[in-house]
Amino acid sequence: MTDSLIIAVPKGRILSEALPLLAKAGIEPEAAFSDEESRALQFATNHAHINLIRVRAFDVATFVAHGAAHLGIVGSDVIDEFDYSELYAPVDLNIGHCRISVAEPIEMAANDDPRSWSHVRVATKYPNLTAKHFAARGVQAECVKLNGAMEIAPLLGLSSRIVDLVSSGKTLKDNGLVEVEVIAQVSARLIANRAAFKTKAEVGRLIEAFRSAVS
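Using my numbering, the first residue of the sequence shown is number 10, and each one after it goes up by one.
If you're looking for bench data, these hints aren't it; they were derived computationally from the structure.
Keep in mind the model is a prediction, meaning the values are calculated, not measured.
There could be a bad hint or two in this list.
Stated by the list, open to error - Cross-link-like lysine to any residue pairs, in silico, SDA-like; alpha carbons within 25 Å at most: (1) K33 / K179; (2) K207 / D92; (3) K20 / A158; (4) K182 / K209; (5) K209 / E188; (6) K141 / K209; (7) K209 / E190; (8) K179 / E190; (9) K134 / V64; (10) K209 / D68; (11) K209 / A74; (12) K209 / M117; (13) K179 / L96; (14) K207 / H106; (15) K134 / H106; (16) K33 / H106; (17) K154 / L96; (18) K33 / P114; (19) K134 / H58; (20) K141 / G166; (21) K20 / P136; (22) K209 / V223; (23) K154 / P114; (24) K134 / R146; (25) K207 / I192; (26) K134 / I115; (27) K209 / D183; (28) K179 / R146; (29) K134 / I192; (30) K207 / H58; (31) K33 / C107; (32) K141 / H56.
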């Protein structure tokens with residue numbers, strides 16, 4: 010681990026909601042952080058010893074689990090997918106709300122009953138989470154790993170169903186799909202590297218600052 014305390018934050022949907030919480034916890038990123046043209050990944054803050062890194066949501070968990078970052082903000086979907094033993098998730102930040110669901114074409118759903126499934130072929134970026142969910146139901150899941158564009162997989166015959174994050178459901182509707190099963194409700198969490206939590210007092214202090222910011 011570096012001498013600086015590193016906080017990993019995700020690009021995309023959670024970041025705009027996370028910034029006010031960072032401010033409430035006393036952390037303000039440098040002006041360059043808001044520059045949409047910047048390709049920088051690491052940023053200073055109003056604390057000389059605290060830096061932010063801005064990476065993909067899935068990579069937040071990896072950086073924190075391996076100790077390259079000490080704290081991170083990431084959706085509970087990512088935590089469930091990787092299930093890193095090195096991660097400690099002490100605070101539900103109550104932002105980034107959505108759900109992870111099974112969806113299928115509308116015409117298929119009209120005569121389908123999820124309770125009757127024994128085998129499913131799904132396209133998803135959550136193969137581990139998906140397989141565990143269906144295994145608990147006694148359903149064999151064949152998972153096709155995709156990093157995006159899940160909604161087009163059934164149309165092109167890659168899979169009959171998908172497992173993906175759903176917020177408003179508009180993207181599903183626009184692609185002729187409908188939710189048929191909710192796997193889990195999702196919200197963003199503050200995560201910490203377990204070793205850093207035990208050895209760096211500042212990590213514990215920041216966890217309490219975030220807890221106060223949420224409440």
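K209 and E190: Cα distance at most 25 Å?
At roughly 42 Å apart (the allowed maximum being 25 Å), E190 and K209 break the hint.
When you check the alpha-carbon spacing of K179 and L96, does it fall within 25 Å?
violated, 33 Å
Distance restraint between K207 and H106, which requires alpha-carbon spacing of 25 Å or less
Roughly 30 Å separates the two Cα atoms, so the pair is violated.
Does the structure keep K134 and H58 at a Cα separation of 25 Å or less?
The hint is violated at about 35 Å.
Within a Cα-Cα threshold of 25 Å, do K33 and C107 meet the stated pairing?
Holds, at roughly 23 Å.
Decide if the proposed pair is consistent with the structure: K209 and D183, CA atoms, cutoff 25 Å inclusive.
Violated. K209 to D183 sits at ~48 Å, over the 25 Å cutoff.
Has the given pair, K20 with A158, been kept, meaning a C-alpha gap of at most 25 Å?
holds, 18 Å
Between K209 and M117, does the CA-CA distance stay at or below 25 Å?
Judged against 25 Å, a Cα distance of about 53 Å means the pair is violated.
Given hint I192 paired with K134 - CA-CA distance at most 25 Å
holds, 14 Å
For the pair supplied as a hint, K141 and G166, confirm whether the alpha-carbon distance does not exceed 25 Å.
holds, 24 Å
Pair hint outcome, K134 versus I115 [Cα-Cα no greater than 25 Å]
Measuring from Cα to Cα gives roughly 22 Å; hence the hint holds.
Does the alpha-carbon distance linking K207 and H58 stay inside the 25 Å limit?
Distance of about 18 Å is within 25 Å: holds.
Of the hints listed earlier, those the structure fails to meet are numbers 1, 4, 5, 6, 7, 12, 13, 14, 18, 19, 25, 27, 28, 32, in rising order.
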